[in-house]
Amino acid sequence: MVPVQERTPLIAMRGIGKRFGGVTALDDVDLEVQAGEVLAIVGDNGAGKSTLIKILTGVYRPTSGTMTMAGEPLLLNGHSDAIDRGIDAVYQSLALADHLTPAANLFLGSELTRRVLGVTLLDNRRMRREAERVLQERLGVRLRSMDVPTSSLSGGQRQAVAIARAVYNSELKVLVMDEPTAALGPQETARTLKLIQAVRDQGIAVIVISHSLDDVFAVSDRIQVMRRGRRAGIVRTSESDITSVLGMIVGAADRNAA
Amino acid sequence: MSDTSAAPATGHASGEPDALAAGPTTRERLDRYVALIGPMAMIAAVLLLMAILEPARYFRLSNFDIILKDAALYMPMAMAMTLVICTRGIDLSIGSVAALTAIIMAYMVKSFGFPWWVAVPLAISLGALCGLVNGLIITRLKVPDLIGTLAMDLAYRGFALVLAKGVVLSRFPEEIVAIGRGEIPGFVAIPVVIGLSTLLLGYVIYTRTRLGRYALAIGSNPEAAELTGIPVDRYKIYVYVLMGAMAGLAGVMLAGKLNAVQATSAPFFNLHVIAAVVVGGTSLFGGRGSIVGSLAGVLLLSMMINALVTLRIEFFWQSVASGAVIIASVAFYTWLQKSDRDGGGSLGSKFASPEARRTLRLIATLFAITGALFLLGWLFAGETTAVR
Chain S
1 MVPVQERTPL
11 IAMRGIGKRF
21 GGVTALDDVD
31 LEVQAGEVLA
41 IVGDNGAGKS
51 TLIKILTGVY
61 RPTSGTMTMA
71 GEPLLLNGHS
81 DAIDRGIDAV
91 YQSLALADHL
101 TPAANLFLGS
111 ELTRRVLGVT
121 LLDNRRMRRE
131 AERVLQERLG
141 VRLRSMDVPT
151 SSLSGGQRQA
161 VAIARAVYNS
171 ELKVLVMDEP
181 TAALGPQETA
191 RTLKLIQAVR
201 DQGIAVIVIS
211 HSLDDVFAVS
221 DRIQVMRRGR
231 RAGIVRTSES
241 DITSVLGMIV
251 GAADRNAA
Chain B
1 MSDTSAAPAT
11 GHASGEPDAL
21 AAGPTTRERL
31 DRYVALIGPM
41 AMIAAVLLLM
51 AILEPARYFR
61 LSNFDIILKD
71 AALYMPMAMA
81 MTLVICTRGI
91 DLSIGSVAAL
101 TAIIMAYMVK
111 SFGFPWWVAV
121 PLAISLGALC
131 GLVNGLIITR
141 LKVPDLIGTL
151 AMDLAYRGFA
161 LVLAKGVVLS
171 RFPEEIVAIG
181 RGEIPGFVAI
191 PVVIGLSTLL
201 LGYVIYTRTR
211 LGRYALAIGS
221 NPEAAELTGI
231 PVDRYKIYVY
241 VLMGAMAGLA
251 GVMLAGKLNA
261 VQATSAPFFN
271 LHVIAAVVVG
281 GTSLFGGRGS
291 IVGSLAGVLL
301 LSMMINALVT
311 LRIEFFWQSV
321 ASGAVIIASV
331 AFYTWLQKSD
341 RDGGGSLGSK
351 FASPEARRTL
361 RLIATLFAIT
371 GALFLLGWLF
381 AGETTAVR
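Taken in sequence, the protein lines are chains S and B. Sequential numbering from 1 applies to the first sequence in our numbering. Sequential numbering from 1 applies to the second sequence in our numbering.
Chain S extracted, bound-state conformation:
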């Protein structure tokens, strides 16, 4: 279904290393992701998942290694640089201001404005309309109400608002999601997995970090296993099973790569 090796990957990270002082967090790690696929990254705590992702989103700079985007060299100076290049992240905390409306959250930091008598004012009406449209058209989500504090929405709907914020950027090519289902119940988890698929179906590469192998197998196309700062394996989800991935995570079955 998803040709992996034939095409030039949208993102390719090669030989990435990262040291913090004397501690080696990442050692010679590769990562490839194609447009329109969900790549899951799994591994134990401290395996280097978050560090790898923070390098991709421009938060950290790698100590060694190179990155390319559609074959072109990719150099990132900070997180905002990554957003400009179409790489954004949805954090586990969702980074929502709970007292504000969904629309205010969706446009937080990049508000739509209009000028009235030479003064720049917020265009609240247009933001509300646009937010409703993006949620509906891009994610197929209709919020309970656009006029309530975001805190009063369900976990899945809050997740949708956070994802919509990234998706609203029409240049978005890669969406990184850190533990998207960690704090959700079963029903909300199912909805969030559907949201991830909705984003993927729009040709966006989605990278999901998760501890839940059930969720990973439900949503991903490929799984990259990290262990002790190295890539312990990479498998196609359809050709693998939880037991063998679990084996790679704990280091029982080495070289089980696809």
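Treat the hints with care, as some may be off.
Simulated DEER-style distance windows between Cβ atoms [stated by the list, open to error]:
1. S:Arg133 - B:Leu49: 49 to 55 Å
2. S:Gly251 - B:Tyr33: 55 to 61 Å
3. B:Ala324 - S:Thr120: 40 to 46 Å
4. S:Ser110 - B:Thr264: 47 to 53 Å
5. B:Lys110 - S:Arg129: 52 to 58 Å
6. S:Val116 - B:Phe114: 31 to 37 Å
7. S:Arg129 - B:Val330: 35 to 41 Å
8. B:Val330 - S:Phe20: 26 to 32 Å
9. B:Ser319 - S:Ser110: 42 to 48 Å
The set of hints was computed from the structure by calculation and includes no laboratory data. Quick reminder that beta carbons are idealized off the backbone N, C-alpha and C, glycines included.
Here the structure of chain S is known, so what remains is to put chain B in place on it, guided by the hints.
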């Protein structure tokens, strides 16, 4: 907004009916006006009380004029304080800022012959500078706002005392007096116009500008604000600069109103303004505020103080009443928030737990000890010397 389950899915992830009721609940619709319920109820209570006790002297147009003029002084500061508190901040230095800027303005006018139209903007921009210093101390030196502005309150007051010594500066140009107590024939007084204008400006800032939106976002979730690329420190500084400027304006209004100013003027501006804002439903925990509520809060405090004066109750009871109103309103809002989640139990159930019984025992013990000491003192009482 229509029902979720009725809408066919046009996207990929929808389709499942939402178990929750569509649209905001009645409670949520009311929630927006909660900021007004508290002060309005208390204003109604004051009016009712005065209608019973002193209708003739309280319900006079001239008396409401007095109330408005008193409230006007606090309106600019209440506007800015609403934004400060929305960011989870606080500014305890505004009384000293007002005194300091008014003293400097008075010196510039009286000793250096500055025209009033330079001296007044100068006072406001000096206030803004004080606010800038506060903002920099909080954001750059990472001093918590409570301690930082408390310390600067001492410092600004000290500067004012150094400048003015014990002198009362009085008799200003009539334009400055007009700012403080000028009348517009057939209309409300000039300070009331100024105060209401600043609140209107505040309303626009609060609902229609990045400054207002970011103030709320910062107060609601500082980490999220940072992650979404909001320059958090810069916007915090803006808010304190606005606060300082409004304190400077209040200094001018106070100097004009009394036609005099001294270094010890405006001692309780900070607590009065914070009280008005908090009574008006702005949350001390940030992220939630109301300019209209602050207006109601300012009016309530002025009406209450005026009522105490009308009833010829001793002046010092004012602070007792202000304290009681603050506690009552904050407790009320906290109770509202809490009943959101667990519905709250009856009063009786609150005393049922062993923990509550221990607290009750402590209360009883303390009362008993204090009472016993009074009794002991009375039993062994010797010669008395009159206190007054």
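Hints and how they fare:
no.	hint	result
1	S:Arg133 - B:Leu49: 49 to 55 Å	holds (52 Å)
2	S:Gly251 - B:Tyr33: 55 to 61 Å	holds (60 Å)
3	B:Ala324 - S:Thr120: 40 to 46 Å	holds (43 Å)
4	S:Ser110 - B:Thr264: 47 to 53 Å	holds (48 Å)
5	B:Lys110 - S:Arg129: 52 to 58 Å	holds (57 Å)
6	S:Val116 - B:Phe114: 31 to 37 Å	holds (35 Å)
7	S:Arg129 - B:Val330: 35 to 41 Å	holds (37 Å)
8	B:Val330 - S:Phe20: 26 to 32 Å	violated (45 Å)
9	B:Ser319 - S:Ser110: 42 to 48 Å	holds (47 Å)
Figure legend: structure checked against the earlier numbered hints; the only hint not met is number 8.
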